[in-house]
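Below, each chain spelled out in residue letters.
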Amino acid sequence: MTGLLELRHVEASYGPVQALRGISLSVPEGSVVAVLGANGAGKTTTLRAVSGTVRRSGEVRLDGKPLRGGPESAAKAGIAHVPEGRGTFTDLSVLENLRLGAYTRRDRSVKADVDTMTRYFPWLRERGDQRAGTLSGGEQQMLALARALMGRPRLLMLDEPSLGLAPLIVREIFRIVRELNEKEGLTVLVVEQDARIALNAAASAYVLEVGRVAVSGSSAELRDDEAVRRSYLGY
Amino acid sequence: MAEFWQQVVSGLAAGGVYGALALALVLIHRATGVINFAQGEMATFSTYVLWTLTTNHGLSYWPAFAIMLVVSFAGGVGIHQAVIRPVERGSQVRVVIITIGLLLLLNGLMTWIWSGEVKAVQSPFPGGTFDLGGVAIAYADIGTIAVCLGAVAVLWLFFQFTKVGLALRASAVNPAEARLVGVRVTWMLGLGWGLAATLGAIAGVLTAPSTFLDPNMMQAVLIYAFAAAVLGGIDSPMGAVVGGLLLGVGLNLLGTYASFVGSELRLPAALLVILVVLLLRPAGLFGRQQVKKV
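Taken in sequence, the protein lines are chains V and X.
The first sequence begins at 1 in our numbering and counts up one residue at a time.
The second sequence begins at 1 in our numbering and counts up one residue at a time.
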């Protein structure tokens with residue numbers, strides 16, 4: 001079985017520092033897959049290699065077709081990458097952020113999709129003209145998520161959505177991600193420091209260590225394996 | 001009182017030109033992060049294009065004006081592609097030096113093609129004045145104000161209400177993020193240069209009828225535009241326009257009522273504005289103070 005997203009021996013480096021040393025992973029269509037690991041293990045770089053924000057070698061395929069070029073091409077192919085630290089345009093308004101999310105689309109139902117977003121995030125409705133930079137951290141993360149969804153992505157990539165947020169808001173974000181996955185069949189690849197919450201949301205996970213896949217398996221397997229839990233997940 | 005209002009109106013006309021050129025500087029500063037020192041020579045070059053079309057090719061003014069806008073836009077995009085884009089990712093000092101080189105190159109090129117002698121450029125507006133409540137207002141002043149503000153308004157509508165305008169703003173404030181949503185940022189930066197060149201061209205052709213055309217025509221105007229942009233806030237498009245109008249009116253009134261200033265001290269007065277603003281309020285009237293987030 002091949003997944004919607006397939007990585008084969010992907011390597012990437014920042015100058016002389018090699019961050020990925022041959023990663024292979026597969027994200028089946030309609031699933032939520034987590035990438036776990038310590039700081040510096042290469043989690044963020046894995047997502048950046050997929051979206052082409054970092055120079056990579058090896059093979060990245062979306063729906064069987066090899067991905068080439070930079071982040072613009074990845075966006076066009078249907079990959080929405082929400083980077084670490086709330087990727088919003090802080091100088092632009094909430095509504096403008098949402099419109100930019102739909103930049104690659106040519107159809108006319110963008111307005112209707114803005115309405116759909118306000119169903120998931122009701123507070124967006126009254127705050128459309130507010131500058132994104134004036135939102136709270138949690139609201140910015142939700143706006144980043146909503147903006148990514150505006151592109152009607154085939155694959156959503158979330159980088160550390162829990163970073164610096166209160167537990168209640170983190171739970172809310174993951175609840176929405178799960179709901180989108182179950183109701184709309186959205187495929188999600190999520191990078192997370194907090195293994196516990198990620199394993200709850202994901203069906204399967206890859207644990208990285210210094211740029212390689214150390215362990216992988218279903219979330220239940222990883223959760224129940226005492227050795228894996230202790231040495232890699234730290235809880 | 002009539003003289004006061006007369007000076008205000010002609011100050012607004014001069015200020016509209018400063019504002020248009022200042023806005024061109026702001027557009028490039030937002031897109032590329034540098035002051036484009038060649039903005040004035042680019043505008044002069046465009047004015048020569050208009051002069052050639054009307055004088056040598058027998059076109060009437062407005063068709064020639066339209067062609068000149070297109071040529072200027074293409075020229076701006078071309079300059080970005082050819083000399084700015086290759087160094088854009090390096091240090092900003094390199095880009096600044098490139099724009100200074102461009103200034104010298106264009107200036108020399110204009111002297112070579114059109115010689116250094118001054119040329120007369122016709123005004124698109126009727127001569128003479130009309131009376132408004134006892135104040136004699138020149139048609140040329142009203143026309144200049146209208147064209148400048150019209151260009152600014154069109155640009156504002158483009159930025160505010162079109163998808164490409166939004167993408168251009170997004171590229172300026174956060175290029176990495178813009179690429180992630182699929183915006184071709186380098187195209188957008190090129191588009192920014194094209195729009196700035198077009199706006200500068202408008203400032204150039206509106207300056208030419210009163211000063212005559214020679215390769216150095218816009219050098220003083222560029223200093224006023226610097227002052228206007230600094231006064232309004234170098235990152236604020238609205239600030240550039242308001243700064244230009246304030247500066248135009250202010251300098252005119254100063255020249256009229258403070259007899260010791262005269263025309264010789266106009267330029268130093270503009271430099272004084274730059275100095276005072278940078279010392280007292282570096283972000284300008286409308287700019288936001290840069291706050292670095294950690």
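The hints are simulated quantities; they were obtained by calculation from the structure and are not laboratory data.
Keep in mind that the hints are not guaranteed to be accurate.
[As the list claims (entries may be wrong)] Think about it this way: if two alpha-carbon atoms lie no more than 30 Å apart in a straight line, the pair counts; the simulated BS3-like pairs of lysine-lysine are: (1) X:K163 <-> V:K76; (2) V:K65 <-> X:K119; (3) V:K111 <-> V:K76; (4) V:K111 <-> X:K119; (5) V:K76 <-> V:K65; (6) V:K183 <-> V:K111; (7) V:K65 <-> V:K183; (8) V:K183 <-> V:K76.
Here is how each hint holds up against the structure:
Annotation: proposed proximity of K163 (chain X) to K76 (chain V) holds, straight-line Cα distance about 16 Å (limit 30 Å). With a C-alpha separation of about 61 Å, the suggested pairing of K65 (chain V) with K119 (chain X) is violated against the 30 Å cut-off. About 19 Å separates the Cα atoms of K111 (chain V) and K76 (chain V), which keeps this hinted pair within 30 Å; it holds. Between K111 (chain V) and K119 (chain X) the CA atoms are separated by roughly 54 Å; this puts the pair beyond 30 Å, and the hint is violated.
A hinted pair counts as satisfied when its Cα atoms are at most 30 Å apart, and K76 (chain V) with K65 (chain V) qualifies at roughly 13 Å. At roughly 21 Å between alpha-carbon atoms, K183 (chain V) and K111 (chain V) fall within 30 Å of each other, so this suggested pair holds. Between K65 (chain V) and K183 (chain V) the CA atoms are separated by roughly 26 Å; this keeps the pair inside 30 Å, and the hint holds. For the proposed pair K183 (chain V) and K76 (chain V), the alpha carbon gap of about 24 Å is at most 30 Å, so the pair holds.
Hints 2, 4 from the list above are not met by this structure, while the remaining hints are.
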